[in-house]
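Using the sequences and the hints, build the whole thing.
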Amino acid sequence: MTIFLFLALLLAYACGMLLPLCFPHRPHVQNVMAHGSAAVAGCLGIVLGLIGLLAPEPLVWFLPSSIPLLTFSLRLDSLSAFFVLTISLVGLAVSVFASGYVREFYGRIPVSLLGFLYNGFLLSMLLVVTADNAFFFLIVWELMSLLSYFLVVSEHEKPDVRFAGLFYLIMTHVGTAFILVTFLMFYQETGSFAFEAFRSADQSLPEGLRTLVFWTALIGFGTKAGIVPLHVWLPYAHPAAPSHVSALMSGVMIKTAIYGLLRVYFDFLGGPFPWWWGFVVLLVGTVSALLGVMYALMEHDLKSLLAFHSVENIGIILMGIGTGMVFYAYDMPHLAALGIIAGLYHTLNHAVFKALLFMGAGSLLYATHTRNMEEYGGLLRRMPWTGLFFLIGAISISALPPTNGFVSEWLVFQGLFLSLELPSLFLKLMLPIAAALLALTGALALACFVKAFGISFLALPRSSHARKALEVPVPMRVGMGFLASLCLVLGLGPAVVVPLLDRVSEPFVGISIAGRVFEMGGWTLAPVSGEFSSLSTPVLAIVLAGLTGLGWGLAYVLGGKGKTRFYKTWGCGLNVTARMEYTATGFVQPIKRVFSTIYQPTVKLETEFLEESHYFAKRRHFEFSIEPIFLKYLYHPILGFFSTLAARSRVIQGGNLSLYLAYIFVTLVFLLMVMG
Amino acid sequence: MPTLPINLGSYLVNLCSALLLLTCFAIVAQRRLMACVDLFALQSVFLAVTATLVAYLTGIHHIYLAAVLTIAIKAVILPRILKKIVRQLNVQREVSMYVNIPTGLLICGGLVILAFFITQPIVHLGFLLTQDSLAIALAIVLIGFFIMVSRLKAVTQVIGFLVIENGLFLAATAAAYGMPLIVELGIFFDVLVAGLIVGIYTHQIQEAFGSVDTSRLKALKE
Chain W
0 MTIFLFLALL LAYACGMLLP LCFPHRPHVQ NVMAHGSAAV AGCLGIVLGL IGLLAPEPLV
60 WFLPSSIPLL TFSLRLDSLS AFFVLTISLV GLAVSVFASG YVREFYGRIP VSLLGFLYNG
120 FLLSMLLVVT ADNAFFFLIV WELMSLLSYF LVVSEHEKPD VRFAGLFYLI MTHVGTAFIL
180 VTFLMFYQET GSFAFEAFRS ADQSLPEGLR TLVFWTALIG FGTKAGIVPL HVWLPYAHPA
240 APSHVSALMS GVMIKTAIYG LLRVYFDFLG GPFPWWWGFV VLLVGTVSAL LGVMYALMEH
300 DLKSLLAFHS VENIGIILMG IGTGMVFYAY DMPHLAALGI IAGLYHTLNH AVFKALLFMG
360 AGSLLYATHT RNMEEYGGLL RRMPWTGLFF LIGAISISAL PPTNGFVSEW LVFQGLFLSL
420 ELPSLFLKLM LPIAAALLAL TGALALACFV KAFGISFLAL PRSSHARKAL EVPVPMRVGM
480 GFLASLCLVL GLGPAVVVPL LDRVSEPFVG ISIAGRVFEM GGWTLAPVSG EFSSLSTPVL
540 AIVLAGLTGL GWGLAYVLGG KGKTRFYKTW GCGLNVTARM EYTATGFVQP IKRVFSTIYQ
600 PTVKLETEFL EESHYFAKRR HFEFSIEPIF LKYLYHPILG FFSTLAARSR VIQGGNLSLY
660 LAYIFVTLVF LLMVMG
Chain E
0 MPTLPINLGS YLVNLCSALL LLTCFAIVAQ RRLMACVDLF ALQSVFLAVT ATLVAYLTGI
60 HHIYLAAVLT IAIKAVILPR ILKKIVRQLN VQREVSMYVN IPTGLLICGG LVILAFFITQ
120 PIVHLGFLLT QDSLAIALAI VLIGFFIMVS RLKAVTQVIG FLVIENGLFL AATAAAYGMP
180 LIVELGIFFD VLVAGLIVGI YTHQIQEAFG SVDTSRLKAL KE
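Going line by line, the protein sequences match chains W and E. Numbering that gives the first Met the number 0 applies: residue 0 is where the first sequence begins, and numbers increase by one. Numbering that gives the first Met the number 0 applies: residue 0 is where the second sequence begins, and numbers increase by one.
Since the hints were derived computationally from the structure, they do not count as laboratory data. Each residue gets a CB set at the ideal place from its N, CA and C atoms; glycine is no exception. One or more hints might be untrue.
As the list claims (entries may be wrong) - Simulated restraints on C-beta separations:
#1 W:Ile651 - E:Ile117: 49 to 59 Å
#2 E:Tyr200 - W:Pro67: 29 to 39 Å
#3 W:Pro67 - E:Phe24: 22 to 32 Å
#4 E:Lys82 - W:Phe104: 55 to 65 Å
#5 W:Glu156 - E:Arg86: 27 to 37 Å
Here is the structure:
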């Protein structure tokens, strides 16, 4: 039964890839076919994901191939099903959005090609999370990387897009190399590329090799996920892609790396592992979360800002998983499950709200043709729907109740606070520090989205682009609206979501906690006990709504009886213009000052005075930039080293044909003499 | 079944292999391009004879086909193409070389010794038709390579490449009793195509640099 569902899913994606190619020179038909098929496939994928999550046993399909070591085997266990569900949910919304957004590209980029790559990209992600053979996994992983690369360079006539693409291509291949090494180590021990063999080998890997697998997997998958300091490609590549592709890349593609990490650490390595693994993951997560949000604050390109927030949220996910790993290492399965569930919940939530925000950014780009926030302003009046959806996404990512981001971050916090049950003093000290840093991250994220929303949507338009902006077409609004409502549903319904996620963590930690975390008939989420902490988002939502109503009511009773006066804003007698508004740069000045050690900002202020008097400035030129620390101190030295090496080794490149032949000849004779 | 006594047969195979090797030395010693092409054609004829002998001795029929193809492609078609190129290019002699002829011959002698030296352990395994043909085949491959390295003109480098191919073919027939037919056909086709491509490529070098002297390709280095 499910196999037919899966085949239908494949067929839908195949249709989306190939049908548009059959209608050359008719971009609208191509658009509808490509994104319609992708939307249908998204619906099927949601059903498939739910079936997989609820199925008691993993579903396995198998297709042998004539290539040695390779079998096209697929396995849908609860972890895979969860990721299939996430990808499909976001894929459905993004496909609907894209059918409107792609109109922008008619006549500039071949829509059939875009549709082909888009459907192929979605399909490859689904196969990555279901592949059950290392060889097959690497093929689809590479396919995913390459297809996303081609999507990133869709607008390849721009030089910065080409640079971003190249950067991404290099970094992703560095990551793939490490993943390849990871699997080769398993292969060396088990003699097979089947995941089944890796899984049964859990205890057989020697201790040293297990540690090596831990590091190579962390680096390999971490490059894709964008953990600090491997995140450098992400703020270039994600904004360079067309917005609907950015939504997919930021929303779900980087999550495939989370899938890979969970698969390798819990499923393949299994067994008890040292506590410091979890600590390393937690540390990486904390650093990524904090630095991600700090760099996001300094960005005024809306899409780059969102890309840095992906680094932040991957960090939060890894904090959840890292906490789970620490508890797992100390054999505390309940708390381990809690950490993993927190990480997974945030994975789903981040996929939803980040895709929503990228679609919002895409809508702004569609309407104003610029990504620079300083040129927006006053858009809420012109684009009320986009504004509303963007606001919901912004609230979610800032982890405010009653949205989904709040619930998952709350769970991460619970995991960190529960460190007082750990036997190790060091961890008892460290985990609360991580919690404090997560709190700082949350506050900075809130500041960042106050900036993003306020500067973009409120006050007066800052440019003619913003003044002429119009609300986006209906399909784009529908796509955003779907995810915005999902943000609220996931926020109000942890009672439904947590038991589902529990099915994912159960095979790893060995026990189910679904029955224990709820109190009061499923209305309250209480990870340990009601006395320690509990959360009920529906109640919270009602209280919030009630307080808002109360505020209004009080204002009505005590205030001016609801009489509305329309009048200009008072600006000290001057006419209010857009030039007087708070700019994005100005908004983040205080934060930049406070954290100047990290940002290392360069501020240049040049003033030209009037010739008559030095008290009157004629023109002032202000410039400010922050130091890209990782590029400067980590990547440029490495790059310099390889450039020097390459320049040195150029000596042997004589350019003479006979010389090259002589190299081969001498090598051959030498080898024959030595080996013979 | 073979009517020749197996000893005599292996002597004949050895003899033909040795003649192949001899033509290699002749090519190394020859400056005139036309003569080099002729010598290559002669070598290919010897190769065909060896193949026929092996086919007769072992009773494997498809090696006859390989022998016929050797005659057709390597002894007739390719030499024609090469001669046509030589005539078109109007280069008759190779005046300068990286290694002069006496030194070259000495190096080739050294290569033959090396080949015999390293094939010793394999010969002792005892599955070969003759004792020496594998060593000779390897020597031919090495000398072919040496020709490619030491000569400047594109045409002689092509001849070097074809000599290597002959050596490999000899190794395949004399040591391994031939390869599967489909592989042999594929190789012949490859050689033919390679010959055609190299012909065009030589012509292009001539047009671009006014010479077929490959050392001028240095100019391509930035």
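Hints and how they fare:
no.	hint	verdict
1	W:Ile651 - E:Ile117: 49 to 59 Å	violated (27 Å)
2	E:Tyr200 - W:Pro67: 29 to 39 Å	holds (37 Å)
3	W:Pro67 - E:Phe24: 22 to 32 Å	violated (44 Å)
4	E:Lys82 - W:Phe104: 55 to 65 Å	holds (58 Å)
5	W:Glu156 - E:Arg86: 27 to 37 Å	violated (50 Å)
The structure fails to meet hints 1, 3, 5 from the earlier list, while all remaining hints are met.
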